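Chemist: Each chain is listed here by its residues.
Protein chains: 2
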Amino acid sequence: MREFEFIGRIKTAAKNTRNPVIRSIGDDCAILPYTKQYDMIITTDSFCEGVHFSREYFRPYEIGAHAFAASLSDICAMGGRPLYALVNISFPKKIKQKYMDTLYQGILDYAGNYSTDIIGGDTTAAPVIMATITVIGEVEKGRALRRDKARPGDMVFVTGTLGDSHAGLKILSKKTRSGLSATEYIPVKKHLVPQPAYMEGRMLLDSGMVNACMDVSDGIASDLARICEESSTGAEIYVDKLPVSFSASKTAAQYGEKVSDYALYGGEDFVLLFTVAAKNAKKMADYMEKNSLTVFEAGRITAKKGIKLVKNGKKTIETGKKVWNHF
Amino acid sequence: MREFEFIGRIKTAAKNTRNPVIRSIGDDCAILPYTKQYDMIITTDSFCEGVHFSREYFRPYEIGAHAFAASLSDICAMGGRPLYALVNISFPKKIKQKYMDTLYQGILDYAGNYSTDIIGGDTTAAPVIMATITVIGEVEKGRALRRDKARPGDMVFVTGTLGDSHAGLKILSKKTRSGLSATEYIPVKKHLVPQPAYMEGRMLLDSGMVNACMDVSDGIASDLARICEESSTGAEIYVDKLPVSFSASKTAAQYGEKVSDYALYGGEDFVLLFTVAAKNAKKMADYMEKNSLTVFEAGRITAKKGIKLVKNGKKTIETGKKVWNHF
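Line by line, the protein sequences give chains A and B. Residues 180 to 506 in my numbering are what the first sequence spells out, letter by letter. Residues 180 to 506 in my numbering are what the second sequence spells out, letter by letter.
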């Protein structure tokens, strides 16, 4: 929890802005005034060897692609469109040129896939590989999907299955990549090279029905808590209903773990987590389905603070069990 | 030279932009369309323990201040005004909370001094301290001071003495901070907490007479070569005329080194290096002096490619001797 305490301090210290800022620290992106039609959104994330990934199972191309995808996911979480990126990379001195080029190609290809221009950056030596990717995007003026607009009574949804990335990490920590079955390969691939929910974000914004939204990067339990903190609400998570894949279930069973723990606490799924007024829930789900996108019910927003887990009809207080902590 | 080769590859790969970009990789900042009156400029730099600094002589506040100043310097080099910053910091797990807070305070104070709002960032663990600071600023539309506008016959100037930061580093590598004389303390302080040339950049832009400009971060020899590369010119550096401080001269003499090497190859002075048509040189110098700013002649731009060192009336080819290399 050290990281979040520190961010809290920064947030307080940086509260009084001198220049026009629509939204500062506390959301997936900062929001700035931009053109007549668009607000600018900007986000930055560091992807660090030994903390977020290991070279033992990440190939160089995947490091680049993953780092870019993780930053891009914050743009998607606001319903935005990426425009530009800045790329800071550190390499140990002994890393070969070809390795660096391949890693960078992962970034370039992903940036290209999402029509994002790399306009700057910095390279430096360091004891470990670290990629810090800053993405600048735009979103229709005043319409960015934010964390602070959830309302008591809202239904909570996610745009995809939860826990796959953690299942992939688990498999990678136990097995070599060459011997993986198809069932194992799916979550492994999701862990290595996640696909940001770009279309999902754009369609959620377009639906006009979403109250609050963010991407799931640390597990729904802690991420929903952040929506609640920003919105001054609480929430219940319907543990029995959380969407999990066959692969994630199988992996959890194989290692004697609970797939619901993967879903609640597993990091880096990068699906979107959002809330909708109960009266709009069906309409929104239909709208998404019409566009070949799926949403899954995951809980509801409450006036009473705190996160409760609802399981077999019983409610327990979420205590912050962690299977993955970045800091 | 490995860093610059790598940046060259990135530059080529990232050349075809999909979104409006006024200037991309290759200058102090990228330039983007922004408002009716202003272009947006954006830069990012990483400041890494073991590469750019050591905790043996940098105090935490100074690490933060230095990291911010180095990024801000790129905004100054374009004649711009900073608006927003994103702060990514990595800390080893054993670093104490107070140390982190003090480092962050160095960033906050410097940001505050230059009316810059911190609107985002990321913290993560890493084996070493690394601060990546991204600064977004604005500059009067179409008027950013760039590297690619030097013309043969231009005179080359700098806005302050060269080699002080390197002298400071030399002293720090030989002595403890507590026993420094006043003469030693000046370059040491310049190395630890550089002052970005904010007023200089604004006034150079205001003068309307500057052709090309950048900040001196790696020494005038290699930085002027970058102006020449971007402008498709060459240059002569007047080695005898380079402005050096009494402190830098004394330090070089003490350690049996040449102060001209400090001036030519020493990094992180963060003064501005710029070119002006010969016919405007006196007018520009008068303009700066009227505003209590000084400029020093340092060379001239030539049509013939390559950097030549002019010393005692003799010309030699600059061969890229280095006293400081980041990568």
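The hints are simulated quantities; they were obtained by calculation from the structure and are not laboratory data. Warning: the hint list may mix true and false statements.
When the alpha-carbon atoms are kept at most 25 Å apart in a straight line, the in silico SDA-like pairs for lysine to any residue are as follows [unchecked claim]: (1) Lys273(B) to Thr303(A); (2) Lys484(A) to Ser203(A); (3) Lys215(A) to Glu317(B); (4) Lys272(B) to Val307(A).
Just so you know, these numbers come straight off a predicted model, no measurement behind them.
Chemist: Keeping to a limit of 25 Å between CA atoms, is the pair of Lys273(B) and Thr303(A) held or broken?
Modeler: The given pair, whose Cα atoms are some 23 Å apart, holds under the 25 Å limit.
Chemist: Is Lys272(B) close enough to Val307(A), meaning Cα to Cα at most 25 Å?
Modeler: 15 Å, holds
Chemist: Does Lys484(A) pair with Ser203(A) here, judged by a C-alpha cut-off of 25 Å?
Modeler: 23 Å, holds
Chemist: Is the Cα-Cα distance between Lys215(A) and Glu317(B) 25 Å or less?
Modeler: 17 Å, holds
Checked against the numbered hints above, the structure violates none of them.
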